[in-house]
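Novice: Sequence:
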Amino acid sequence: MIMVNGQIVKSEELTKLIKDKEQRAIVKHMAALSVIYEYQSLDKLKFELQYRENTMKAATQMNKSGVKFTTFTYSFPNKKYWQRLPNGGFLLKAGTAPSTAILDILKNGKLYAFECSTAIAIVLYIATLYTIGPELFNLYFKRLYLFDWQFDEDLPVFPKDGNDFIPGDVLHFNNPDFDPKQPHWRAENVIYFGNDKYYGHGVGIRNASTIIKFLNTKRKSDPTESAYLMRQITRPVYRSLFLLTLQN
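According to numbering that gives the first Met the number 0, the stretch in the sequence shown is residues 0 to 247, in order.
Incorrect hints may appear among the rest.
EDC-like, lysine to aspartate or glutamate: derived pairs with alpha carbons at most 20 angstroms apart [said to hold, decoys possible]:
| id | residue 1 | residue 2 |
| --- | --- | --- |
| 1 | Lys196 | Asp163 |
| 2 | Lys92 | Asp151 |
| 3 | Lys141 | Asp153 |
| 4 | Lys45 | Asp19 |
| 5 | Lys45 | Glu12 |
| 6 | Lys212 | Glu224 |
| 7 | Lys9 | Asp19 |
Cβ-Cβ distance ranges computed for the label pairs, FRET-style [stated by the list, open to error]:
| id | residue 1 | residue 2 | range |
| --- | --- | --- | --- |
| 8 | Lys20 | Gly203 | 19 to 27 angstroms |
| 9 | Lys106 | Lys196 | 20 to 28 angstroms |
| 10 | Asp195 | Thr244 | 27 to 35 angstroms |
| 11 | Phe150 | Lys78 | 22 to 30 angstroms |
| 12 | Pro158 | Lys212 | 19 to 27 angstroms |
Hints are computed from structural coordinates only; laboratory data are not their basis.
Using N, Cα and C, we set each Cβ at its ideal position, and we do this for glycine too.
Please take these sequences and the hints and turn them into a complete structure.
Specialist: Next comes the structure, spelled out in structure tokens:
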């Protein structure tokens with residue numbers, strides 16, 4: 000259910016106010032869930048819908064970009080824009096526009112390799128850029144750092160237990176019996192598209208059963224537990240991101 004300014008609003012009413020087809024589909028999905036999603040204003044709801052749509056757009060583009068999957072040990076960026084640190088993370092070079100550097104990952108994907116958690120962070124940064132625009136993005140993310148689940152303070156994210164999955168959410172497949180020689184396949188972080196579609200770096204855009212089958216090929220000898228989709232959701236703090244657009 001969706002609550003705006005203290006009132007439950009039906010999806011039929013909201014879809015009259017939202018022109019974008021994909022955002023309408025997200026609203027219908029949210030309204031059909033038993034969880035109540037509260038917004039102080041319609042503008043804040045629209046911001047989140049746009050961000051979610053841009054998250055899926057960025058994930059789709061990442062999937063087509065040619066970026067490679069690898070571990071932190073063997074990661075590499077385009078040296079024109081990024082400094083590779085000893086831990087395998089990428090630090091934006093001084094004098095480089097953050098928007099230029101982050102979009103270069105989509106433009107010159109073959110010059111990059113990283114693992115799935117960094118891929119999710121990159122998708123969310125690109126979604127942020129698409130949503131707030133390059134001027135604000137360059138202002139707030141001047142020292143962009145890409146590594147694992149570390150996010151800039153202006154892009155806060157939080158984990159949530161539950162299965163109220165909404166398109167644009169970050170979800171997680173767990174692989175409890177992973178092969179210790181391939182610990183990078185202990186889990187797969189994904190972007191949820193709805194309708195049993197997920198983007199995961201290294202596996203592409205697939206349904207849940209295909210991702211689970213793949214992870215099950217990366218298990219130790221004599222495994223006893225299958226990989227599975229977790230009851231855990233990771234979301235940006237959309238309210239905080241919305242405030243960035245009001246401060247300038």
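Novice: The structure should be examined with respect to each hint, and the outcome stated for every one.
Specialist: For each hint, the structure was consulted:
no.	hint	result
1	Lys196 <-> Asp163	holds, 15 angstroms
2	Lys92 <-> Asp151	holds, 16 angstroms
3	Lys141 <-> Asp153	holds, 11 angstroms
4	Lys45 <-> Asp19	holds, 10 angstroms
5	Lys45 <-> Glu12	holds, 14 angstroms
6	Lys212 <-> Glu224	holds, 12 angstroms
7	Lys9 <-> Asp19	holds, 17 angstroms
8	Lys20 <-> Gly203: 19 to 27 angstroms	holds, 24 angstroms
9	Lys106 <-> Lys196: 20 to 28 angstroms	holds, 25 angstroms
10	Asp195 <-> Thr244: 27 to 35 angstroms	holds, 33 angstroms
11	Phe150 <-> Lys78: 22 to 30 angstroms	holds, 23 angstroms
12	Pro158 <-> Lys212: 19 to 27 angstroms	holds, 26 angstroms
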